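Following the hints, complete the assembly by docking chain B onto the known chain A.
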Amino acid sequence: DTGVSQDPRHKITKRGQNVTFRCDPISEHNRLYWYRQTLGQGPEFLTYFQNEAQLEKSRLLSDRFSAERPKGSFSTLEIQRTEQGDSAMYLCASSFREGAEAFFGQGTRLTVV
Amino acid sequence: QKEVEQNSGPLSVPEGAIASLNCTYSDRVSQSFFWYRQYSGKSPELIMSIYSNGDKEDGRFTAQLNKASQYVSLLIRDSQPSDSATYLCAVRGFEDTGRRALTFGSGTRLQVQP
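Chains as they are written, first to last, in the numbering used here: chain A, 859 to 971; chain B, 128 to 241.
With the rest of the complex left out, here is chain A (with noise of 0.2 angstroms):
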């Protein structure tokens, strides 16, 4: 399977505790997003990588939420001391140029408890 990847598929944690969640996008593809989703809500974007730099980040997320895409490959999307606001699906989507699709793995859920 050559799509977006995504690990782990779900997450249970107790409120206060770390995550970190990892993306290995389409292999060509050097643009790479996250995105949140709560029920009956659209995806709301949250960082934006291309190769490895971060280059837009929403002015809504907390500083509790970081993200890395080391050398251009994979990413992966941290979320220090969860709150139970936290809980959503976190997407990670990628894309091969400017304006071009953007493909999206199948996410992860996180629940925090």
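For the record, the hints were derived by calculation from the structure and aren't laboratory data.
A quick note: this is a predicted structure, and the numbers were derived from the prediction, not measured.
From the three backbone atoms N, C-alpha and C, an ideal C-beta is built for every residue, glycine too.
Be a bit skeptical, because a hint or two may be false.
[Unchecked claim] Every beta carbon over 12 angstroms from chain A, so not counted as near; a handful from chain B, in silico: (1) Ser159; (2) Ala195; (3) Tyr198; (4) Ser209.
[To be verified] Here's a subset of chain B near chain A, in silico, CB distances under 8 angstroms, partners left out: (5) Tyr166; (6) Ser170; (7) Ile174; (8) Gly186; (9) Arg204; (10) Pro208; (11) Arg227; (12) Thr230; (13) Gly232; (14) Ser233; (15) Gln238; (16) Pro241.
For chain B alone, coordinates are given in the frame of chain A:
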């Protein structure tokens, strides 16, 4: 005003009918437009992309774009029960504005009745 607006639905159509899904956007310099289908509990799946005014057809799907009216639509012909899903409209701004990411609407839920 939301940047990308869609009627949440549900839009209910009988099997075999044409389903028409609409989307308006606020950023006049938006350049790229996409429709995604999302089944419950799954991630969005790309259906169509459209970049210039007019119609673009792909199988049973037709995307329509009118930049002057800031309006994009998706027509699904011969609707099938398997088309029942939430349809997300996504818009990407012009690169020079720094808005590289897709902005999504909240989606329209489509129900195709057998």
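Verification of the hints:
For Ser159/B, the condition that its CB be more than 12 angstroms from all CB atoms of chain A is violated, with the nearest at approximately 5 angstroms. Non-interface status of Ala195/B relative to chain A is upheld: no Cβ of that chain comes within 12 angstroms, the nearest being about 20 angstroms off. With a cut of 12 angstroms on Cβ distances, Tyr198/B stays outside the contact zone with chain A, its closest approach being about 18 angstroms. With a closest Cβ-Cβ approach of about 19 angstroms to chain A, Ser209/B is found to remain outside the 12 angstroms limit, as its non-interface label requires.
At a threshold of 8 angstroms, the smallest CB-CB gap from Tyr166/B to chain A is about 12 angstroms, leaving the interface hint violated. Taken as an interface hint, Ser170/B checks out: its beta carbon lies about 4 angstroms from the nearest beta carbon of chain A, inside 8 angstroms. Using the Cβ-Cβ criterion of 8 angstroms, the hint placing Ile174/B at the interface with chain A is not satisfied: the shortest such distance is roughly 10 angstroms. With a least beta-carbon distance of about 16 angstroms to chain A, the hint placing Gly186/B at the interface is violated under the 8 angstroms criterion.
With a least beta-carbon distance of about 22 angstroms to chain A, the hint placing Arg204/B at the interface is violated under the 8 angstroms criterion. The closest approach between the C-beta of Pro208/B and any C-beta of chain A is roughly 22 angstroms, which is over the 8 angstroms cut-off, so the hint fails. At its closest, the beta carbon of Arg227/B sits 5 angstroms from a beta carbon of chain A; the interface hint therefore holds under the 8 angstroms criterion. At about 7 angstroms, the closest approach between the beta carbon of Thr230/B and any beta carbon in chain A falls short of 8 angstroms, and the interface hint on this residue holds.
At about 5 angstroms, the closest approach between the beta carbon of Gly232/B and any beta carbon in chain A falls short of 8 angstroms, and the interface hint on this residue holds. For Ser233/B, the suggested interface contact is upheld, since its CB lies about 5 angstroms from the closest CB of chain A, less than 8 angstroms. Taken as an interface hint, Gln238/B does not check out: its beta carbon lies about 15 angstroms from the nearest beta carbon of chain A, beyond 8 angstroms. With a least beta-carbon distance of about 25 angstroms to chain A, the hint placing Pro241/B at the interface is violated under the 8 angstroms criterion.
Violated hints, listed in ascending order, are 1, 5, 7, 8, 9, 10, 15 and 16; each of the other numbered hints is respected by the structure.
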